[in-house]
Amino acid sequence: MNKVINLLLIIGFTGVLLYASMDLPYRGSPDNPMNQPESMTGTTVAGHYYVEKAYKDAHTPNMVTVVLGDYRSMDTLGEQTVIFAAGIIGFLILRRRKKNKEDS
Amino acid sequence: MIVSDLPVLIPLTFLVSALVVTLFGFWKERWGYPLAVLGTLLAVCLSLYGFFQVMDGSMMRYEVGGWAPPVGIEFVYDTLSAFIVLVINSVALIALIHSRVVGKTEFPGKRGGYYAVAMLLMFGFNGMVITGDLFNLYVFLEISSLSSYALIAIGDKKAPFAAFRYLLIGTVGGSLYLLGIGFLYVVTGTLNIIDMSAMLPQVIDNSAVIGGLILMVLGIGIKAALFPLHGWLPDSYTHASSTSSALIAPIGTKVAAYVVLRIMLYLFGDQLVDIGLPVTSIVGALAALGILYGSIMAMAQSELKKMLAYSSVSQIGYVIMGISLSNPFGFIGAVLHILNHALMKGTLFLVAGNLREREGHTNILKFDESYRKKYPWTMAAFTTAALSMVGIPPMAGFFSKWYLALGTIQNSNWLLLAVILISSLLNAVYFFRVLEKVYMRSSASESTSDTERQEVVPSMLWTTTIAAAALIIVGLFNASIVAVIQHMIPAGL
Amino acid sequence: MNLTLVPILAVLVSLVAVPLILLSARKPNLREFWTIAAAVVKFGLVLTLIPTALEGESIRYVLWEIAPDLPLALNADPLGIFFAVIASGLWLLTSFYSIGYMRGHGEVKQTRYFASFAICLSSTIGVAFSANLLTFILFYEMLTIATYPLVIHSETDKAIAAGRKYLTYTLTAGLLLIAAAGITYSLAGTLTFQAGGLIPEGVMDQSTAIILFLLFLGGVGVKAGLIPIHSWLPSAMAAPTPVSALLHAVAVVKSGVFGVIRVVGFVFGPSMMMDFGLDQILIVAAGATIILASLLAFKQDNLKLRLAYSTVGHLSYIVLGAALLTPIGFTGSILHISAHATMKITLFFCAGAIAVNLHKKNISQLDGIASVMPWTMAAFTIGSLGLAGFPPVNGFVSKWYLAYGSLQGDMLIPVLVLVFSGLLNVGYFFPIIKRAYFHEGGSELDNHSEASPFMVVPLTITAVASIIFGIAPNLFLHLFDMASTAATSLF
Amino acid sequence: MTDFLLGHYAYWFTILVLAVGLYGILVKRNLVKKTIGLSIFQAGIILFFVAISTKWNASVPIKVKGSHVSEAANFMNPLPQTLMLTAIVVGVATIGVALTLLIAIYKRYETLDEEELLEKFQ
Amino acid sequence: MTRPVDSPIVVYGSRLLSPYIMLFGLYVIFHGHYSPGGGFQGGTLLAASLLLVRISSGSKIAQIQFSDMFTAPMAVVGVLIYFFTGLIAILAGGQYLNYELLPLGDMHGAELRYWGILFVEVGIGLTVMGILVSLYDNLVIGEDND
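Protein chains in written order, with the numbering used here: chain A, 1 to 104; chain B, 1 to 493; chain C, 1 to 491; chain D, 1 to 122; chain E, 1 to 146.
In short, the hints are calculated from the structure, not lab data.
These numbers come from a predicted model, not from an experiment.
Accuracy of the hints is not assured; some may be wrong.
Stated by the list, open to error - What follows is a set of in silico ranges between Cβ atoms, one per label pair, in the way DEER data are often shown: (1) D:2 x E:103: 56 to 62 Å; (2) C:161 x B:491: 51 to 57 Å; (3) D:30 x E:35: 39 to 45 Å; (4) E:35 x B:410: 42 to 48 Å; (5) D:54 x E:115: 29 to 35 Å.
Positions of the beta carbon are idealized from the N, C-alpha and C atoms, including for glycine.
Starting from the given sequences, assemble the full structure and let the hints guide the process.
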């Protein structure tokens, strides 16, 4: 019974994804919305902006670094916090109590 | 300077608290508690101040790093997010103050790390609420998720396994959400919520958009314990330590529900109708099923915390149902219920914590009259919260149900109206079952120690009673809250 | 004299007494003093409102908006004042009686009892003075919850089962009422009671109206004891007798019928009731309830149960009066609230006195008790005669107007129902009186005498009051004028 | 049709990876294998994002000194790649926490088989 | 894994290799502006260099190289570097993490951003290194008793 449900889940999941992928723009096509200089509502498209302006904005040839460290620096702070959290969690769950020192 | 920076300062307060707690907590673990409480208190003050800045419906858009929105990440601090931030921080403050003694007994030697992780949890939640960028939301989601796995793993013997299951399904949820972002990103080329919502009308018939919506709602639905994705919740809340459940249960699912609200009513908004898939009806039906399922399962439990956990499944259904109604009344009901349920569940789990601390168990079958004599105030708080859950006016719980009912009536959705009413009755059944035991069943042992007052220490008692009193106050003065909520109603509704 | 604050004070005074009662749990005399004091103050406050009611005016007091456009507001109109006078006046008597009963019975947990009682009365006055449906629901649900501890007071299995049944019925009813209020709000945009109906014309069609009315009827009908949904009432007789007396003769059930009157007169309005034929539903339900309840009363051997079924029947008199949709009918209906209250409370007081004094609860055990408890049985006789509709007890007056009202509305069947049920009333009360007066009592009666004055005095007062209001309905309290003012304001 | 296939086959492969990952999470009884399934699932998502960031005839988004190519068409979109850097880190952290929990579980119950664990709970 | 590996080649080989990996890690962090790399990648390499010694020489000896007392504080310091880089920008009157407002000499605009990115990358590197080592230490901690 469980197996059938699991199988159905997987099939359903795959089906949804396949359905969703049907209308995706062709992979690698330069015409994709995310590669356009301007979005359909006329706002800046981030991806294009980065390629064009990254060097000018931060004197850094590696655009990924600029995006990571500057444009989307809040993401990176969060990312660092995730790593930090993982470390603290490891400490929290696995460290034993030290027997000798414990504030009463 | 400070006012305009509030959107980013509120979450960062928790980050700093986490760092400070880590540094000092490693050195002396008893410092964890005061530092965490202090940090949360500061955050509550900031969010209160911020709430008054934007409660007239204005909005602060904060460009992190000085980059205008589609390029950089923006924080959106509008009335809604300010409200939710205030609610979750206040409830967290209450839960953290309450945890002083519980921490000593339930996870001795680990308090330093525990409070650091609790602060990180709040950092994640605050970030999720305030951020205006879909991917940034994912990052904060993962911070809060990782922290909540850890907090749940600190508990009784089964807790690590419950936490692991939660981790598995929760990470799948987070990943689904990320995949959903991916689909939307390919089609629109932006990650900013406001930017994207302006573009969606043009691409709404694209199957990738529909797939993205499904994946996002599914992923966040797991976090929000939307039926039938709630499987992780009961075990997690039951086996976690009292503090963890008092901290996560009122807040965690609410924040996720808030994200669902953002996605459905702000990102998609009135496009939900054009999408070619009855998303609102499906989500509403799931919410209704969840309400009934949670209530029925709650009736079958003999463990108080498990009962409360199933009741959470049912209560989150109210919020989601309010969202799925997508009309002003439903919106008001949903947002108000986020507040109300945070307070109610907070109170109930605090009561469970009090009982665990004193009695060592929360098995309903063992409850009897002596509990009322021993813990009159705790039990009064429990009664208040229970009546509120059932929806007796003037407790807070009645009013969110009232608005939800008005919402269903406005949509002429009689089935959902019936579900709301029936589930109130079911709530009554499982709460009065407990109340009957506490107030009526004569105690088995007649020793005098069973009739003397043994109320918990003040830090626990006061937090519990304040939370319970807040229920009545919120209920009586909910009109002023609703007046603020009316500023939040998105334009499309 | 400025009376604006009187309604809210009248509601609050017994709520204020609750913490005092709880705090003086260890000192019974002080505790009972608070109850009595609150009752006296409350009655006094309500009495000051009578002139206002006689002028047909109302005192409105808005506390604050509890939801946008839905204030928590009190409005003491003639109808509400009428009900409040009855409830608070009888609370005063019941408080004395309770002291005698509880002490005589040696009941436990008297503090909880008196505290709940005080909350109940606050809620009842709140129900009476509610200016809108939301406030009404608030107090109505408060009443439900506050009554629960009283129903399960003895904490026997039977009482707890009765409590569950009570909660199931009343909470369900509350939910139906909330649903109905929600629908009304979405239709009318307001919930403020308005003489002649708050729902504007033409916002709903026949089927909506019927569904809405049935929802309302489900909501208030449970407490009003309409027949398929009445069965909590006999079960709730497991409560102590003063509870049965006040709550199941005055406060709770009268809140229900009061709700029916509010719904008929102030939510739908007589003309809309007529247009959609809703009065037919109500007449059929009430008529059937009257007959069936009277028949069921015959079967009961337990005195309190017989009284309970009699209550079910008489509540429907009031409902029937409201359903007639004529000014006279309404007057009779409102009058019967007071008439039934005084008479039935007398009967319950008697039943309680007998139970405390002689430990007898069944009718078959009552042989010859009139010789031991002459005052009590005299009062009982007056009460039952009144219920059967004999002059000069006040039951006659209200019945007269009910019958007159139905004739005014060109309806004959209600009159027949009234007459038939009067006969049935005689039928089930007469055996009790006969046993008490004409059967030989057993030897166990020898060393008993009349019950304590705490109990006998109140029941004598109510019995005398029944007669006085039967002879002169307008004496002291101007009950008749108030009732007719309230009734005419609707048309 | 060919264009459609060429434009979409990469997506389908990532979907396949996702399905494999989900299979591991749902069906495998051993908790470590479940964790591996989770890892595969996340890898599928990373692949998806990397796939959408490609652009034909474009290079990695790093400007090379001396070359004066600066048209946007010559560089891939750096945004999905950056996002995936973040997602990878998040994934690592998640797996780290998962392993931490597994060790905690193993210390207590000496097994990592789901069914056995459930039996031990009874 | 808390005891040293038996083979001296592995032990000494890894000890020899460790500083070079560390150096490479630093290179990856600091050269992240010009080539693939940055804080995460470099921090991982730094952690790898430390873990190599921990695995080969055993946890006890490795304490001499890098004590497990320092892991968590180092991570905290890393996050603090990032946090304060942002906070200074606020104090200087800009938005959080707006590097253009860092009070660094007489530099302007893009140049400041260049340095700002470097600061946060260093912070990330420290955190990643500290946490990865700390995770390893915590994961093997149970083996002491086996």
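* Beta-carbon spacing of residue 54 (chain D) to residue 115 (chain E) - inside the hinted bounds 29 to 35 Å or not -> Cβ of residue 54 (chain D) to Cβ of residue 115 (chain E): about 32 Å, so the range 29 to 35 Å holds.
* Asked: How does the Cβ-Cβ distance of residue 161 (chain C) and residue 491 (chain B) compare with 51 to 57 Å: does it lie in that range?
  -> holds, 54 Å
* Does the Cβ distance between residue 2 (chain D) and residue 103 (chain E) fall inside 56 to 62 Å? -> holds, 59 Å
* **C-beta pair residue 30 (chain D), residue 35 (chain E): status relative to the range 39 to 45 Å that was hinted** => holds, 40 Å
* Can the suggested window of 42 to 48 Å be confirmed for the beta-carbon pair residue 35 (chain E) and residue 410 (chain B)? -> violated, 60 Å
Checked against the numbered hints above, the structure violates only hint 4.
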